[in-house]
Every structure is written in C-alpha cells, then in structure tokens.
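*Asks:* As you go down the protein sequences, you meet chains R and D in turn. Quick note on numbering that gives the first Met the number 0: the first sequence kicks off at 0 and runs consecutively. Quick note on numbering that gives the first Met the number 0: the second sequence kicks off at 0 and runs consecutively.
Among the clues, some could well be false.
As the list claims (entries may be wrong) - Partner residues aside, some chain D positions facing chain R, computed with beta carbon under 8 Å:
id, residue
1, I85
2, Q213
3, G237
4, R440
If you're looking for bench data, these hints aren't it; they were derived computationally from the structure. Note that the structure is a prediction, hence the values are computed from the model and not measured. Note that CB positions come from ideal geometry on N, CA and C, so glycine has one too.
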Amino acid sequence: MVEEIQTMFQGNGGILGFVSAEIAWVYIGCILASLLCVVYGLIQWNRDGKSTRVRRARRVKKGGRPRRRR
Amino acid sequence: MGFIITICVTVIYLIVVCYLAYKGWRRTRTAADYMVAGRAMHPGVMALSYGATFIGTTAIIGFGGVAALFGFSLLWLGFFNIMVGIFIAFVFFGRRTRRMGLALNAHTFPEVLGERYQSRFIQGFAGMVIFAFIPIYAAAVLIGIARFMEVSLRVPYAVGLLAFCLFLALYVIMGGIKAVMYTDAFQGVVMFVMMAVLCIWTYYLLGGIIPAHQALTAIAPLVPEKWIREGHRGWTAGLQMGSPFWWIVYSSIVYGVGIGVLAQPQLVTRFLTVPSDRALNRAVLVGGVFIMAMTGVSLTVGPLTNVIFFQRFGDISLAMAEGNVDKIIPVYINTVMPWWFGPLFLVGMLAASMATLSSQFHVGGTALGRDFYGRAMGLGRTGEVFATRLGIALTIIATIIWGLVLPSSIIAVAVAFFFGLCAASFLPLYFLGLYWKGVTRAGAIASMVGGLCTSFVWMIFFHYQESAALGVCRLLFGTVNLAAGFPPTSWVWKLQYVDPLVVALPISFALCMGVSRITQKMPTAHLKRCFK
Numbered sequence: 000m001v002e003e004i005q006t007m008f009q010g011n012g013g014i015l016g017f018v019s020a021e022i023a024w025v026y027i028g029c030i031l032a033s034l035l036c037v038v039y040g041l042i043q044w045n046r047d048g049k050s051t052r053v054r055r056a057r058r059v060k061k062g063g064r065p066r067r068r069r
Numbered sequence: 000m001g002f003i004i005t006i007c008v009t010v011i012y013l014i015v016v017c018y019l020a021y022k023g024w025r026r027t028r029t030a031a032d033y034m035v036a037g038r039a040m041h042p043g044v045m046a047l048s049y050g051a052t053f054i055g056t057t058a059i060i061g062f063g064g065v066a067a068l069f070g071f072s073l074l075w076l077g078f079f080n081i082m083v084g085i086f087i088a089f090v091f092f093g094r095r096t097r098r099m100g101l102a103l104n105a106h107t108f109p110e111v112l113g114e115r116y117q118s119r120f121i122q123g124f125a126g127m128v129i130f131a132f133i134p135i136y137a138a139a140v141l142i143g144i145a146r147f148m149e150v151s152l153r154v155p156y157a158v159g160l161l162a163f164c165l166f167l168a169l170y171v172i173m174g175g176i177k178a179v180m181y182t183d184a185f186q187g188v189v190m191f192v193m194m195a196v197l198c199i200w201t202y203y204l205l206g207g208i209i210p211a212h213q214a215l216t217a218i219a220p221l222v223p224e225k226w227i228r229e230g231h232r233g234w235t236a237g238l239q240m241g242s243p244f245w246w247i248v249y250s251s252i253v254y255g256v257g258i259g260v261l262a263q264p265q266l267v268t269r270f271l272t273v274p275s276d277r278a279l280n281r282a283v284l285v286g287g288v289f290i291m292a293m294t295g296v297s298l299t300v301g302p303l304t305n306v307i308f309f310q311r312f313g314d315i316s317l318a319m320a321e322g323n324v325d326k327i328i329p330v331y332i333n334t335v336m337p338w339w340f341g342p343l344f345l346v347g348m349l350a351a352s353m354a355t356l357s358s359q360f361h362v363g364g365t366a367l368g369r370d371f372y373g374r375a376m377g378l379g380r381t382g383e384v385f386a387t388r389l390g391i392a393l394t395i396i397a398t399i400i401w402g403l404v405l406p407s408s409i410i411a412v413a414v415a416f417f418f419g420l421c422a423a424s425f426l427p428l429y430f431l432g433l434y435w436k437g438v439t440r441a442g443a444i445a446s447m448v449g450g451l452c453t454s455f456v457w458m459i460f461f462h463y464q465e466s467a468a469l470g471v472c473r474l475l476f477g478t479v480n481l482a483a484g485f486p487p488t489s490w491v492w493k494l495q496y497v498d499p500l501v502v503a504l505p506i507s508f509a510l511c512m513g514v515s516r517i518t519q520k521m522p523t524a525h526l527k528r529c530f531k
C-alpha cells in the first residue's frame, strides 16, 4: 500500500514528476495554502461580525430622511 | 461559424456587464458610495472583485507566458499570491485597515496613510505617485487585450484599444466603485470557469498530472544553450541560484509582485468597502480558491505548453510565439485548445482586463480627485466627485498613450515595476502604521520619499531594463548601467538583474523606523482614535 502511494506520488522523474524537490513542494504548497484559506474562512465564518451598517442606519435616523432600500 | 459565435458570446457578455454597471450606478448616491461602496459590500463580491482585480490579464497572459520561459520555478509566485496576497493581506492587513479606515473616515489608500499620520503632504504625494504611474500598469493590461481582440475579433489594434477604453470609461466614471465591483465579481466567475477548463484540458491532453510533468522533464534537452548560460536547468528543475534568470524570477517577479501586492492601492481600497471583519474572514475562503484557480493554473499551464507544442509542432513555446512571451498563451489557445474554448477565453480575457483596468482607472481618478485636489490642495468641498471623474478621464487618456508607445513582451515587466514602486514607497509606513504606535509623521515621510527615490536611482543606474530604456546612465557615464562594465562572473555584474525593490524596501523600512525613533511622536489622542 505504502509502495503504491510512493510510486503514484513520485513517478519516474522525482516527486510528482518534477526533477527538483523544491518545485514539487511549492506545487503542494500552493494547494495547501489554498486549503488553509478555505479552512480559515470556514472556522471564522461567523466571528467578528460587528457591522458598520448599524452605525449608518442610526446616523440616518437622527438627521435625515430614511433611505429606501432597493 | 466560429467567428459568428465569438461575436454573439461577446455581445451577450457586454450586455450583462452593462446591466451590472447600471445596477451599480443606480445604487450610487454619495461620495462614500462612489469611493468605498458605502462600506457595505457583500464579502463574496468583494473577494471576487479583489481576486479579479489582482490577477487580470497580467497573470493569465503575462505570467503564463513568462512561466513558459522560466518553468515551474514561477510557482513560488502562485504560493506568495495565495499566502501573502490573500491570507496575510486579509488577516493581518485587511482587518486593521478596515477598522482604521472607518475610524479615520478614509475613502482611499492615500487617505488612510494621510489621516494616520495627520499629513496632507503624505496623502497628496501618495496620490500623485499613484496617479502618475498607474497608467503604465494599466497600459500593459490594455495592450494584452487589444492584441488579443485584434486576432479574435479582427478589430484593428488602435481601434480596439480606443473602443475598449471608452466602454470602460463610461461605467467607471458613471458608476463608481459599486459598478466596478459588481462587474468585477461577474467577471471573476467567468474567469474561474475559463481557467478550470484550461487546466483540466491541458492535463487531459498530457495523460494526467504526473505524466504531464514527466513529459516536460523529458524535453529538458531542448532548453536553448543561451538560456542554460543564464541559469535555466529545465522547466521542472528550478533555476541555478545566483544566475541572471534566478535574480529576475525571484527578485523581480516572486519578491516584487508577491510582496508588492500588500501595498497596492486598488486592492487596499477593497478592504474599506466591506461592513465587518466577518466579511473579510469569509472573503479569505473565496479569495484563496479563486487565486489558486487563476495564478496557480496559469503558472502550471504555462510551462506545460512547451511539451504540447513540441509534441504537435516540434517547437518549444517561445519559438511558436515568435519570441514574444505575451503571445504564448494566445497561440496555445488558438492552436491547441478546442474551437469552443476560443469564445470562452476571449470573454474571460475581456473580463480579466476589464476588472483590472476599471479598478486602475478608479484608483487613478480618486488619487487625483480625492487625495490631491480634495485633501492636499484643500479644495474638497467644491467638486470633489467631478475632480475624481476628471482624474479617471486623465488616467484613461494617459493609459491610451502608453498603450500606443510601449513595446511587446511588457506585461509582466510593467506589473513588477508598479508593484515594486508601490511597495518601496508605501509598504513600511502602511504596515508599521497599522501595528506600531511609535511611527511618526517625519518617519513616514522619510520612508515614502526615500523608498521612491532609491527605487528610481536603482532603475536609472543599475537595473538592466529601465536603465537601457531611460538612457540616463549612458548619457552621464557612457555605459548602459553601472554594473554592465564588470566581468560577467563577478557579483557586481549580477547587480543589474537585482530588482530595485530588493534594495529600496529595506532602506524604506530602516528610514521609517530610524527617523521615527528620533522625531516627535504623534499625539496620544490621535493614536487612540486610530487604534480604537
């Protein structure tokens, strides 16, 4: 099983078919960085939700006519 | 038949863009709506707009072509784009920028800096730097799309360039940032679909991911002798450390563009448009996936074009594109991809360039109207929105002029130039201003002016591209640059390939911190307001 995964991962020319390990790791790094953004976005989905819309609405109430939403 | 389909798809696309621009125009009432979308933009729209503005034609055609030349080493740029351009930018810069921008009621990037340091000079100077140089970056994008329209729609180059600019001018001037962001988001979706198809199809043609990379490894002996002398070791093998190619890729492209993105005015403005930190957190998710699909795909497909071209036509990419790096991806689309992909790619290209250009025009306009005319000159009460619209019109005119005079293979160069200039001038005072209360007004001014001047000195006297184009060094010293006269094996000779940002950014940081240590601190009450 481990050998099969290694063969699939390494191919003939090196890791993922690249000659340089540096290139292979940056290729994987791009995918991991993208995954990090996804995981971070999901974990933080509902945190720190204080909105500036509230302040705008209050300011409108005090001074001028209410704005019509479209 | 194919040409008629291309025209139909383009017309449908333009109708959708017009509708979205109209929607943005209808919802624009105040100056805040025009500049920062009333600080109430949807996170998904904001993230797609950020990504579409960030990437544009420059990444797809420009960096895709450059990757076909240098190989997979350029993937470092993709990694930096995701980690620095999205994750660090949103998490460590975005939140504080949004809060500080709100506390100081700032509408533009120069205004964030100007208000943070209570300096009309900083705001006006930053505004003028952006207004003066953003047309060069915009022109590079415009050249790419005008050349592509020339081939696909059979529109003469100059006519395409003018017509495209006028169409953009209409919706940016009329609709402000809301029109720009709504259209950007739609354009982002179009670009995402296009790049997904491009990536899957390319790997499919080569029999899968690993076989594709192995096939590219196998054609390493085709690398021209001249490239090997410059440090090329094959498209999948990385570049020889310290060689001219290594310096160009890592100092100008990876470091310059990868780090420079943090101080891009058109991107920082996006942080000011969202209503909460939560919107920024959500935008990280969308942005991370989107940038991966854009830069990641273009930097992967670019090198792989070599092996496909070789298998089908017996030549590597640069030879197929007749030596013009910017033509590699368009030639690949026209000769290798299926016929139905042509219209999709054209629309994707129109979308990418429209997204980037519209934001560039908007930022150029606000830099002149809001930052220079309104604040630095103190004329904000009279006709600021008019001055901004005039600024947009002047930016467009300057872009068209640059578009007609700049040479070929310029896209990646112009992007690196503008990103580097912004990072050297603004990054230290922007970054330290967000995190360190000890930065003083004098420190910020020294950093901004010092960083800009160091960049220009390096460009004029050392960097191989700008020094040759400007000719000042030849006029004064009789040599193309001060490093060119040394033996090619010496470290001094290699200095001509070192990007100005490598030298200017540390100097700019040192000036900011050093001068701040010995000059008068900012008032405590003001700092409390900034960091509340």
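*Asks:* Are the hints correct? Go through all of them and say.
*Replies:* Cross-check of the supplied hints:
no. : hint : verdict
1   : I85  : holds, 6 Å
2   : Q213 : holds, 4 Å
3   : G237 : holds, 4 Å
4   : R440 : violated, 27 Å
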